[in-house]
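Undergrad: Top to bottom, those sequences are chains A and B.
Using our numbering, read the first sequence as starting at 7 and increasing by one per residue.
Using our numbering, read the second sequence as starting at 9 and increasing by one per residue.
There's no promise every hint is true.
Cut-off 25 Å, straight-line C-alpha distance, at most; resulting in silico cross-link-like pairs (DSS-like, lysine-lysine) [to be verified]:
{"hint": "1", "chain 1": "A", "residue 1": "K156", "chain 2": "B", "residue 2": "K170"}
{"hint": "2", "chain 1": "B", "residue 1": "K35", "chain 2": "A", "residue 2": "K163"}
{"hint": "3", "chain 1": "A", "residue 1": "K182", "chain 2": "A", "residue 2": "K243"}
{"hint": "4", "chain 1": "B", "residue 1": "K125", "chain 2": "B", "residue 2": "K63"}
Calculated from the structure, these hints are not laboratory results.
Because the structure is a prediction, the values reported are computed rather than measured.
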Amino acid sequence: MIANQVNLYTRIMRAARVAGLAFVLMAFGLQNSFASDSEEEFNPGDMIMHHIQDDHIWHFFDGHYGTLYLPIIVYSEGNGLEVFSSANFYDEHHNVVEYKGYKLDHGHISVVGSTVHVWDFSITKNVAMLFINALLMVLVFTAVARGYKKNNGKAPKGIQSFFEPIIVFIRDEVVKPNIGEKHTDKYLPYMLNLFFFIWFGNLLGLLPGAANLTGNIAVTIVLAVITFLITNFSGNKAYWGHIFNTPGVPWWLKYPLPIMPVVEFIGIFTKPFSLLLRLFVAITAGHIVILSLIGLTFIFHSYYVGAASGLVVFFINLIELLVATIQAYVFTMFSSLYIGLAVADHDEHH
Amino acid sequence: MELLTPGVGLIFWQLITFVALFFFLAKMAWKPIMESLKIRETSIQEALDSAEKAKQEMASLQENNEKLLAEAREERDKLIKDARDAANAIKEGAKADASKISTKMIDDAKAAIETEKNAALAEVKNTVAELSIEIAEKVLKQKLGNDKAQKELVDGYVNELKLN
């Protein structure tokens, strides 16, 4: 299994190297091989940021029907709660205009001529993506659960047999070893929800035109905070004892200067912080790499560069599929580990 | 919205959606799935266990059968041996009886013969005595005066007697 993966990985890397070399040669040889008289200056940084960040509209392609205008939900003191379409912020030439005293400036909604804070609860691109993700999970997993009801006492079939090994893997290889047999049933639903939410989110994010949901720091913060809350509310005596009176360290590390307690206390927060940062960075970086490679096509204005970068992007996408799964696994695994440390019965000495 | 500053709206929707999704799926999917998996695994384990138990029972049954068979065989051997011993004993007894009877018969016969012989000898003796008396009588009758003639006569008779 691992040997296969390594083999696959080396093959991908070899192909990527070959493609990369071809692409560099062509980039220099054929730089201005087709007319570069586009009316607009192409800014790759803007393009990438635009793709990986949240937005009040969902832009699929240029043209009249290429944009989905999402609902704006804002609350501000004085104006109260307002709900309207984000189409109101754009005129027929796609220029940003003011509406109802609000203006949209680089994704920020503010009140015109005032510094009053605007609470923006709009259904943004990522929120829409979030709903799609949640809906997909509901459809898939109620179907899986139906399979268990229908094939009760029989071998799994269809979608049920696709997800069963993954569910069993999460249970037996991720949750059980980290949280322990005794608490597995209690925390497994959360871990399954977490794993599939991140996995589905990562995979959906790789689709063309999709939003970068799991690569958004707001999403990863919420997931990490939930794990943080579960960890600390599950924490037993041994867990808190370990933090405030770490066993197995010399007394002078605890008194009069509480060095170890402070380090351990900071550790409570660095754990979820590492969770939220890891997922955010891994997914966002993957998107940036793919978009940069695609952007090269437009920087060099070359079909050849396009073909070469297309090939590279294809292989990077394969790696991203792997990353999507690994990141979902890692987030779930570390969440299990942290909760496992909090609920462990005996005091383990490190 | 900047890359590193989380949007309040997205945090809000993410929290609501994720928590709602969790409670919904926990009830509708995760728990039923976990339960079904556990039930299936338990039933598979039970089936395996009972198969193992049946195998063990079979083995013990077979062992029992073999033991019974061995016992039966042993008993049969014992019976055969006993029967043979009994037959031998009977045969030996019969043989001993027969030899005893024959010995007795021989002894009886010997005794009878002895008796007969003695009787015959006695008779012979009697006869000899009678003959002697007769001879003496004849001798006396014929030649009482002539010693030589008497002696010749006695010798003649004795010779006659010997020839008999």
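Undergrad: If a hint holds in the structure, say so; if it does not, say that too.
TA: Tested hints:
1. As the CA atoms of K156(A) and K170(B) are separated by approximately 137 Å, the hinted pair breaks the 25 Å bound.
2. Straight-line distance between C-alpha atoms of K35(B) and K163(A) comes to about 22 Å, which keeps the hinted pair within the 25 Å bound.
3. A C-alpha spacing of about 21 Å is found between K182(A) and K243(A), which places the hinted pair at or below 25 Å, so the restraint holds.
4. Distance check on the hinted pair: K125(B) and K63(B) sit about 90 Å apart at the alpha-carbon level, beyond 25 Å; violated.
Figure legend: structure checked against the earlier numbered hints; hints not met, in rising order: 1 and 4.
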